[in-house]
Amino acid sequence: MAQLLQHLINGLAAGTIYALVALGYTMVYGVLKLINFAHGDVMMVGVYMGYATAFALGREVRSSLVGVALIFAVAMLGCALLGFLIERFAYRPLREKPRLTALITAIGISFALSYGFQLDIGFLPGASPRAFPEVIEPREWIIIGDRDVVVWNWQVISFLIAVVLMVGLQYLVFRTRFGRAMRAVSWDHRVAALMGIPTDRVIALTFMLSSALAAGAGLLYAIKDTSVSPLMGLYVGLKAFVAAVIGGIGHVPGAVVGALVLGLVEEFVVGYAASTWRDAVAFGFLILVLLVKPGGLFGRVAAEKV
Amino acid sequence: MRRLAPMLLAALAVFAAACEKKTQPAPSGEGGSQTAQQGQQKPATPPGGGEVPAGSDVILLGEVGALSGGQATFGISTRDGIDLALKEANAAGGVKGKKLAVRVYDNQSKPEEAAQATTRLVTQDKVVLILGDVASSNSLAMAEKAQTAGVPMITPSSTNPKVTETGDYIFRVCFIDPFQGFVMAKFARANLKLNKVAVLQDNKSAYSIGLTDVFTRKFTEMGGKITTTESFSQGDTDYRAQLTAIRKTQPDAIYVPGYYSEVGVIARQAREVGLRVPLLGGDGWDSSKLFELGGSAIQGSYFSNHYSPDNPDPKVQKFIADYKAAYGSVPDALAALGYDAARVAIAALERAKDLSGPAVRDAIAQTKDFPGVAGTITLDDKHNAVKSAVVLKVGDGKTEYVTTVNP
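Residue numbers (full-length UniProt numbering), protein chains in the order written: chain D, 1 to 306; chain W, 1 to 407.
Derived by calculation from the structure, the hints in this document are not laboratory data.
Please note that a few of the clues may not be correct.
[Said to hold, decoys possible] Listed below are several chain D residues computed to face chain W (Cβ distance under 8 angstroms; list not exhaustive): (1) ALA131; (2) THR176; (3) ARG180; (4) ALA184; (5) SER186; (6) ASP188; (7) HIS189; (8) THR199; (9) SER227; (10) TYR235; (11) VAL270; (12) GLY271; (13) ALA274; (14) THR276.
[Said to hold, decoys possible] Beta-carbon label-pair distances, calculated as ranges: (15) W:THR378 with D:GLY284: 26 to 36 angstroms; (16) D:LEU291 with W:GLN299: 46 to 56 angstroms; (17) D:GLN170 with W:ARG217: 49 to 59 angstroms; (18) D:LEU8 with W:GLN317: 48 to 58 angstroms; (19) W:THR249 with D:LEU160: 28 to 38 angstroms; (20) D:THR276 with W:THR378: 33 to 43 angstroms.
Even for Gly, the Cβ is constructed at its ideal location relative to N, Cα and C.
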């Protein structure tokens with residue numbers, strides 16, 4: 001029983017990180033109908049920005065509240081800029097082209113980032129995994145029994161951050177002018193432009209927002225698992241993409257629920273079966289959901305005009 | 001489409017550049033940079049040895065090693081170790097009244113280059129014996145060529161069992177992978193007096209599975225109990241589920257035969273789920289990165305290795321001093337094994353009745369109780385070294401020699 005509870009906590013902690021990454025996929029897809037396969041790699045770049053900031057700050061400043069805020073701020077702003085650049089120079093020129101073209105470019109950007117960061121020149125980090133500094137000093141917040149169940153501070157913190165971000169995003173999309181513009185662009189960006197909505201700006205802001213989210217998620221991931229490497233984005237990004245599809249891509253709460261479900265499924269598979277089964281079960285679950293509910297758990301299937 | 005093409009090209013160019021990096025020579029060794037500049041295989045001049053002299057008063061050996069590419073540090077260490085052994089032998093009068101020389105080819109860390117270099121050594125240079133390589137995949141490519149040509153080959157440090165199974169001309173002076181499983185089982189029972197050990201193995205690595213199998217069997221035979229065997233996959237970063245399951249079985253230690261990149265993280269997360277017991281492992285842990293990734297969590301853990309520079313044995317300390325004098329650094333395990341491989345070869349050439357392939361092969365096969373710096377070497381009928389391993393303890397930023405375990 002205690003073990004079940006511990007697995008539940010671990011699974012939720014892993015799931016919340018997937019959720020934050022999945023939100024980025026879902027936002028960009030919602031607005032542009034583009035699956036931004038470079039999203040996970042933007043997350044990785046954010047992690048390395050945070051890594052560099054943490055070392056620049058030094059040990060004492062690092063675990064203070066100001067230090068942590070600074071690390072998150074640098075990584076999130078830096079990634080927002082990166083997201084802007086990627087959108088401006090890789091996706092915008094292709095916006096009127098068939099959707100497949102942009103998808104291929106996205107994969108190109110993904111490889112360019114993940115392999116580019118394996119180069120060992122100048123400021124680039126090289127291929128070996130590195131240990132992320134303990135920017136949030138790990139503390140045990142809840143202990144049940146003889147350490148039968150332990151809840152860590154970073155688990156609670158990242159869970160709360162994920163919930164706040166999800167609620168905030170939902171508010172942004174459905175209660176603000178910017179959200180209305182996003183939805184209008186999502187509906188039909190040509191018509192939205194005719195109605196006087198600055199579509200380019202809305203799309204650019206959406207990319208910046210999703211990239212900043214990715215950086216935040218990446219830092220929480222790095223704090224959780226401590227080992228960071230240039231290929232981490234590929235792996236986490238793929239899992240988050242699966243989570244977004246399970247929830248119904250384009251649907252904000254769906255992405256979060258899909259991610260939590262995926263995190264729990266993986267944790268239970270590893271805990272009670274074997275790690276070899278984890279990816280097979282995760283993707284099997286994806287196939288099952290798509291068979292039963294092709295739009296994902298929360299999505300609606302819209303008839304595509306051909 | 002007009003704008004798409006240049007963009008895709010640019011993306012491809014970056015991608016290609018990223019791939020290229022892995023195969024580019026590292027500018028760290030004389031032989032490596034020379035080969036890089038000329039873009040083809042050229043005999044690299046042994047440092048300090050000058051040009052390889054021609055003539056019948058010289059015994060020519062061949063060496064194939066990774067002097068450039070991803071395994072360049074391994075290849076360069078090995079070359080320096082071999083070079084030191086040859087210099088010592090020549091200073092002592094050579095073999096059968098002749099001087100020894102070695103022709104070194106760079107395989108750029110690639111099996112196909114290794115095979116080509118071996119062919120060149122046996123057909124063109126007509127060497128009497130070949131030394132190399134470190135990586136098992138390169139040695140496998142070489143072994144086939146050497147076996148076909150009937151030229152004996154000694155690999156200093158390829159641990160994959162398949163290498164010497166290629167044929168009767170192929171030897172090694174290091175132990176094979178599964179042996180380390182036995183070493184750790186013996187150390188855990190006899191030295192640490194452990195009764196219950198959990199295993200966490202890497203399901204994607206043949207190395208890890210091989211070590212686990214032998215460790216489990218031997219540890220149980222010696223009266224210990226394996227509480228549970230959990231698994232992970234190379235590249236994972238979250239091991240809490242497995243460690244939570246392990247914690248429930250309350251082991252005295254956890255055997256983690258994996259590579260340093262995963263072991264460091266496992267150590268941290270083990271402490272986090274409340275496992276305060278030491279971790280045990282194999283030579284895959286041997287990297288300075290282990291200390292960074294594992295932090296204080298990995299301290300107090302043990303792993304088996306080929307050799308330790310802290311070994312108080314005078315012949316080891318003499319080797320370290322000589323190596324330092326020649327190359328300015330403390331030799332790692334690969335330099336020690338290169339040195340041992342060359343000395344085993346020299347001793348065999350001395351014993352062989354002539355320098356033909358079969359005679360040299362038989363002489364190498366008779367190697368027994370040879371005092372190497374990385375353990376005493378006796379070759380078994382499968383041409384593998386039966387020798388001791390060292391156990392190292394992970395300390396604060398460095399390893400400490402604990403003990404030597406004999407087979």
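**Hints not upheld, ascending by number** = 2, 3, 4, 5, 6, 7, 8, 15
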